[in-house]
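My numbering applies: residue 20 is where the sequence shown begins, and numbers increase by one.
By construction, these hints were calculated from the structure, which means they are not laboratory data.
Hints are not guaranteed to be accurate.
Said to hold, decoys possible - Calculated cross-link-like contacts (lysine-lysine; reagent style BS3-like; alpha-carbon spacing at most 25 Å):
| hint | residue 1 | residue 2 |
| --- | --- | --- |
| 1 | Lys223 | Lys134 |
| 2 | Lys209 | Lys46 |
| 3 | Lys209 | Lys223 |
| 4 | Lys209 | Lys219 |
Owing to the predicted nature of the structure, the values given are computational and were not obtained by experimental measurement.
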Amino acid sequence: MNVIITILQFMPFIFLLWIANLSEHFKGHPVHYRSSTGLAIVGYAFLCLLYGAMLLFGTLIQLLSLTAPVNQIGPGAGLEGEFVEALMNLGPTFWITALLGLILLIPPVRRGLAKWIPIQPDNRIHTFVLSASMLIWWYFFLFMAIGLELLANMIPAEENPMPELWAQQITFFFMALVGVGWLSWRRTFKESLNRLGLVKPTLKQCLIGIGFGLFFVGVAQIIEVLFQIFGIVNDPHVETLTENMLGGLFGSVGGILTLGLSAALGEEAIFRGALQPRFGLLLTAVLFTVVHSNYGFSVSTLVVFLLALALGVLRNRYNTSTTMIVHATYNMTLGILYAFFG
Numbered sequence: 020m021n022v023i024i025t026i027l028q029f030m031p032f033i034f035l036l037w038i039a040n041l042s043e044h045f046k047g048h049p050v051h052y053r054s055s056t057g058l059a060i061v062g063y064a065f066l067c068l069l070y071g072a073m074l075l076f077g078t079l080i081q082l083l084s085l086t087a088p089v090n091q092i093g094p095g096a097g098l099e100g101e102f103v104e105a106l107m108n109l110g111p112t113f114w115i116t117a118l119l120g121l122i123l124l125i126p127p128v129r130r131g132l133a134k135w136i137p138i139q140p141d142n143r144i145h146t147f148v149l150s151a152s153m154l155i156w157w158y159f160f161l162f163m164a165i166g167l168e169l170l171a172n173m174i175p176a177e178e179n180p181m182p183e184l185w186a187q188q189i190t191f192f193f194m195a196l197v198g199v200g201w202l203s204w205r206r207t208f209k210e211s212l213n214r215l216g217l218v219k220p221t222l223k224q225c226l227i228g229i230g231f232g233l234f235f236v237g238v239a240q241i242i243e244v245l246f247q248i249f250g251i252v253n254d255p256h257v258e259t260l261t262e263n264m265l266g267g268l269f270g271s272v273g274g275i276l277t278l279g280l281s282a283a284l285g286e287e288a289i290f291r292g293a294l295q296p297r298f299g300l301l302l303t304a305v306l307f308t309v310v311h312s313n314y315g316f317s318v319s320t321l322v323v324f325l326l327a328l329a330l331g332v333l334r335n336r337y338n339t340s341t342t343m344i345v346h347a348t349y350n351m352t353l354g355i356l357y358a359f360f361g
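Make the full structure from the sequences, and use the hints.
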């Protein structure tokens with residue numbers, strides 16, 4: 020059931036990408052231009068309804084939080100007080116995200132952004148993806164509003180997260196293919212793979228990928244040690260939450276392989292493959308970091324951001340296949356270290 024839910028939660032956005040590609044494909048077509056317009060209207064309506072619902076829900080939550088008694092908020096109020104305080108922060112995560120998502124649908128705003136990132140402001144695919152990317156920020160804001168401590172207490176430890184993780188990452192891979200034009204007559208399967216930068220890596224690229232993956236593990240350890248020297252340590256709630264979400268992977272070879280291979284497949288296809296050529300190196304790296312919201316604001320967040328920048332540079336220099344090898348090597352090596360040394 021969890022696998023099905025994991026897949027279904029992304030289906031509306033796969034549908035949005037599909038109709039955006041169809042609309043862009045038929046735009047200017049002498050026969051199907053009306054279909055193009057109709058599909059564009061469906062896409063805009065979907066996003067407007069989604070953001071409208073988020074605006075309404077966020078406003079209602081914020082109004083509800085204002086009715087909470089003062090003695091239920093702040094230190095000493097217990098878990099119930101933490102929940103009420105989280106509720107007060109929750110409203111803005113919905114309506115601020117919704118407003119920003121709607122603003123990105125305005126053409127002059129996109130034309131301004133096109134000066135900074137390589138999007139085409141009138142391209143419907145770029146429009147819908149740029150607007151929908153605010154949902155990644157919503158995910159991050161949601162984690163921050165609720166708080167890592169409360170989440171660590173709320174989210175139970177997963178005994179075997181492998182099925183859900185593979186389902187999520189395979190769905191990401193499928194989403195990346197659809198997003199660049201597969202199944203909508205814009206690109207064939209092979210052309211879609213080429214657009215994503217997924218090619219057969221050379222032996223040199225494989226060795227580079229493995230080498231950089233191991234190198235980044237060393238860099239991550241050095242950064243953590245340096246921060247500890249200056250008295251800055253990871254939030255213990257970050258470690259608890261990560262353990263609850265992924266701890267079940269560290270006890271087996273299959274789990275460690277899943278940790279590396281699944282993330283390399285899905286995350287690299289989406290971020291380095293599909294998004295980076297249009298959003299640019301910096302914005303893609305920021306979004307990649309934001310997706311890893313379970314790290315909050317911590318040393319691990321900095322490590323993820325630096326890794327994202329490095330992966331982006333390698334994508335530009337080589338291809339996404341190489342960054343997949345880097346990502347898989349990095350994750351699996353960390354998994355092995357955690358399994359043996361904790």
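Checked against the structure, which of the hints given earlier come out wrong? 1
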